[in-house]
Amino acid sequence: MAVDRDTVRRIARLARLEVPESDLETLAGELSNIIGWVEQLDEVDTADIAPMASVAEMKLRWRDDVVTDGGIPEKVTSNATDPKSGMFTVPKVVE
Amino acid sequence: MAPPTGSLTELTLAAARDLLAKGEMSAAELTEAHVAAMEANRGLNAFVTETPHVAIEAAKVSDTRRAKGETLGALDGIPLAIKDLFCTEGVQTTASSHILEGFIPPYESTVTAKLKAAGALMLGKTNLDEFAMGSSNETSYFGNVENPWRRRGDNRPLVPGGSSGGSASAVAAGLCLGATGTDTGGSIRQPAAFCGIVGMKPTYGRCSRWGIVAFASSLDQAGPMAKTVRDSAIMLGAMAGFDPKDSTSADLPVPDFEAACAGGVKGLRIGIPAEYAVDGMNPEIAALWETGKAMMRDAGAEIVDVSLPHTKYALPTYYIIAPAEASSNLARYDGVRYGLRVDADDLTGMYEKTRGAGFGREVKRRILIGTYVLSAGYYDAYYIKAQKVRALIARDFRDAFERCDVILTPTTPGPAFAMGEKSSDPIAMYLNDVLTVPASLAGLPAISLPVGLSGDGLPLGLHMIGRAFDEETLFRAAQALEDAAGFDAKPARG
Numbered sequence: 067m068a069v070d071r072d073t074v075r076r077i078a079r080l081a082r083l084e085v086p087e088s089d090l091e092t093l094a095g096e097l098s099n100i101i102g103w104v105e106q107l108d109e110v111d112t113a114d115i116a117p118m119a120s121v122a123e124m125k126l127r128w129r130d131d132v133v134t135d136g137g138i139p140e141k142v143t144s145n146a147t148d149p150k151s152g153m154f155t156v157p158k159v160v161e
Numbered sequence: 013m014a015p016p017t018g019s020l021t022e023l024t025l026a027a028a029r030d031l032l033a034k035g036e037m038s039a040a041e042l043t044e045a046h047v048a049a050m051e052a053n054r055g056l057n058a059f060v061t062e063t064p065h066v067a068i069e070a071a072k073v074s075d076t077r078r079a080k081g082e083t084l085g086a087l088d089g090i091p092l093a094i095k096d097l098f099c100t101e102g103v104q105t106t107a108s109s110h111i112l113e114g115f116i117p118p119y120e121s122t123v124t125a126k127l128k129a130a131g132a133l134m135l136g137k138t139n140l141d142e143f144a145m146g147s148s149n150e151t152s153y154f155g156n157v158e159n160p161w162r163r164r165g166d167n168r169p170l171v172p173g174g175s176s177g178g179s180a181s182a183v184a185a186g187l188c189l190g191a192t193g194t195d196t197g198g199s200i201r202q203p204a205a206f207c208g209i210v211g212m213k214p215t216y217g218r219c220s221r222w223g224i225v226a227f228a229s230s231l232d233q234a235g236p237m238a239k240t241v242r243d244s245a246i247m248l249g250a251m252a253g254f255d256p257k258d259s260t261s262a263d264l265p266v267p268d269f270e271a272a273c274a275g276g277v278k279g280l281r282i283g284i285p286a287e288y289a290v291d292g293m294n295p296e297i298a299a300l301w302e303t304g305k306a307m308m309r310d311a312g313a314e315i316v317d318v319s320l321p322h323t324k325y326a327l328p329t330y331y332i333i334a335p336a337e338a339s340s341n342l343a344r345y346d347g348v349r350y351g352l353r354v355d356a357d358d359l360t361g362m363y364e365k366t367r368g369a370g371f372g373r374e375v376k377r378r379i380l381i382g383t384y385v386l387s388a389g390y391y392d393a394y395y396i397k398a399q400k401v402r403a404l405i406a407r408d409f410r411d412a413f414e415r416c417d418v419i420l421t422p423t424t425p426g427p428a429f430a431m432g433e434k435s436s437d438p439i440a441m442y443l444n445d446v447l448t449v450p451a452s453l454a455g456l457p458a459i460s461l462p463v464g465l466s467g468d469g470l471p472l473g474l475h476m477i478g479r480a481f482d483e484e485t486l487f488r489a490a491q492a493l494e495d496a497a498g499f500d501a502k503p504a505r506g
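Just so you know, the sequences run in chain order A and B. The first sequence maps to residues 67 to 161 in this note's numbering. The second sequence maps to residues 13 to 506 in this note's numbering.
Simulated from the structure, these hints should not be mistaken for laboratory data. Please note that the accuracy of each hint is not assured.
[Claimed, not checked] If the Cβ cut is set under 10 Å, some of the chain A residues that face chain B in the computed set are:
#  : residue
1  : V69
2  : T73
3  : A78
4  : A81
5  : S88
6  : D89
7  : L93
8  : E105
9  : A122
10 : V142
11 : K150
12 : S151
13 : G152
14 : F154
15 : V159
[Claimed, not checked] Label pairs and their calculated CB-CB ranges:
#  : chain 1 : residue 1 : chain 2 : residue 2 : range
16 : A       : D114      : B       : A33       : 49 to 59 Å
17 : A       : K141      : B       : E113      : 14 to 24 Å
18 : A       : R76       : B       : E113      : 24 to 34 Å
19 : A       : E161      : B       : E51       : 54 to 64 Å
20 : B       : D411      : A       : R129      : 31 to 41 Å
21 : A       : V132      : B       : I116      : 21 to 31 Å
Cβ coordinates follow ideal geometry from the N, Cα and C atoms, glycine included.
Assemble the whole structure, with the sequences as input and the hints as a guide.
As structure tokens, then:
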């Protein structure tokens with residue numbers, strides 16, 4: 067299925083990815099090629115096949131519901147732009 | 013009597029370990045020789061960050077420890093390079109992306125912590141394709157990595173493969189005794205083949221993923237890249253093991269992989285899957301595959317034909333699943349908690365501008381593909397379909413391993429190519445991984461080792477795939493092939 071400019075614009079918005087208008091056409095072409103190529107999977111009969119999410123044949127482990135780490139806000143925010151009082155900051159969300 | 017300094021970078025990891033143990037060489041002189049080689053070969057651009065002073069200091073501490081009759085573990089005093097996808101406490105970790113430039117992790121990945129606990133020293137962080145997305149190391153924000161090999165009579169730079177291209181180039185050029193890599197669809201094995209070294213992807217779950225920058229979580233697996241099969245086995249022994257911080261880490265004991273290398277292949281059944289003779293395979297590689305079969309037969313193994321009927325669907329399956337998982341994993345890079353932030357008037361604008369400026373072209377392409385295949389209306393047609401085909405690919409391997417113990421194939425359809433030669437066509441680039449991706453989808457251990465040279469003097473690799481959590485048999489078979497091949501060619505640089 068061909069991916070057009072509007073579709074690229076829409077999925078870029080979903081992915082929170084700024085894509086310049088001038089790149090939309092090229093990306094639409096590249097994405098169409100890739101999507102067209104992966105569509106060869108339609109040839110494969112997958113009736114009655116369960117989808118495989120992971121190769122790890124294991125049950126997730128339980129552990130006690132206790133705090134195992136923490137109390138290090140300065141370390142946690144050490145890579146943030148403009149942290150204040152051990153907290154992350156973002157542009158104003160609510161007026 | 014210590015060997016002359018010039019040869020210290022030519023030692024294997026096992027030989028260096030033995031010299032250190034016998035007191036015939038100090039970790040400091042070993043490390044200084046590798047630091048000098050690293051600095052003399054900056055033209056390869058194998059490292060994003062060098063940490064020579066930390067390495068030399070740690071080497072001196074190792075020597076002092078050893079003088080007291082103590083050692084930490086199997087790698088005490090051994091200088092290694094670490095792919096810049098492993099978080100290292102206090103040392104910049106970039107994933108070769110602008111969006112993580114300047115990120116200093118306040119914690120250490122489990123794999124690098126285990127290597128340090130075994131006494132290994134870190135020379136620096138190696139370059140890679142941005143977020144490990146690429147097969148030529150041409151998508152790094154920090155520039156292309158060069159392969160130390162050249163075609164005979166042709167001085168054009170060649171790619172080292174990817175995504176672990178810096179690690180492969182550094183090992184091949186003798187800048188370190190071994191390096192860590194990560195493999196999602198071939199990112200250890202393909203660059204190992206292109207650079208004439210050994211690269212091993214363990215079973216999914218064998219090494220902890222904790223602290224490794226995530227690309228596709230159901231596929232990502234750390235592994236060793238080294239000069240020999242034995243060196244890889246030694247490194248894996250130190251990297252592997254259960255980690256409660258990774259929910260898919262396998263709670264299994266770590267076997268003695270080095271001891272397994274000596275097992276020999278008498279009576280071992282080596283499977284040859286006809287479907288791996290893919291269109292466009294270089295005739296020299298097809299011939300090498302035949303040579304490999306003969307070598308294994310001569311070493312006492314039995315060659316059997318096996319069938320992996322869904323092989324041709326592995327790559328398109330991968331290029332749905334890996335971008336889908338990547339688009340989800342890379343959602344965390346939003347400018348809020350770490351890495352690049354590009355300011356905007358509102359929060360959404362900040363996310364979009366940060367991500368638009370911080371990610372390179374291939375990463376954006378994969379985020380968009382992943383978002384598309386996971387979006388409403390397409391989820392079943394693409395993502396669920398790919399997961400079903402993945403189940404069939406895994407079933408193919410289970411069936412094949414009823415008839416054989418190890419599968420032998422080429423690693424790549426062709427040898428290393430020139431920079432820029434394939435970067436204009438994403439699908440042509442993706443085809444580099446056509447022979448390595450199936451084992452990734454099935455979570456199986458696999459190893460690439462150099463077996464011969466092309467007519468124009470480039471290394472060519474063969475690839476072996478084993479049963480889940482049976483790395484020991486894989487090492488046995490790989491050691492036998494390495495012994496038979498006797499590959500001793502050296503690259504032009506390094």
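Now the hints, each set against the structure:
no. : hint                        : verdict
1   : V69                         : 7 Å, holds
2   : T73                         : 7 Å, holds
3   : A78                         : 6 Å, holds
4   : A81                         : 4 Å, holds
5   : S88                         : 13 Å, violated
6   : D89                         : 9 Å, holds
7   : L93                         : 7 Å, holds
8   : E105                        : 8 Å, holds
9   : A122                        : 4 Å, holds
10  : V142                        : 7 Å, holds
11  : K150                        : 13 Å, violated
12  : S151                        : 15 Å, violated
13  : G152                        : 13 Å, violated
14  : F154                        : 5 Å, holds
15  : V159                        : 6 Å, holds
16  : A:D114 / B:A33: 49 to 59 Å  : 57 Å, holds
17  : A:K141 / B:E113: 14 to 24 Å : 20 Å, holds
18  : A:R76 / B:E113: 24 to 34 Å  : 30 Å, holds
19  : A:E161 / B:E51: 54 to 64 Å  : 55 Å, holds
20  : B:D411 / A:R129: 31 to 41 Å : 37 Å, holds
21  : A:V132 / B:I116: 21 to 31 Å : 29 Å, holds
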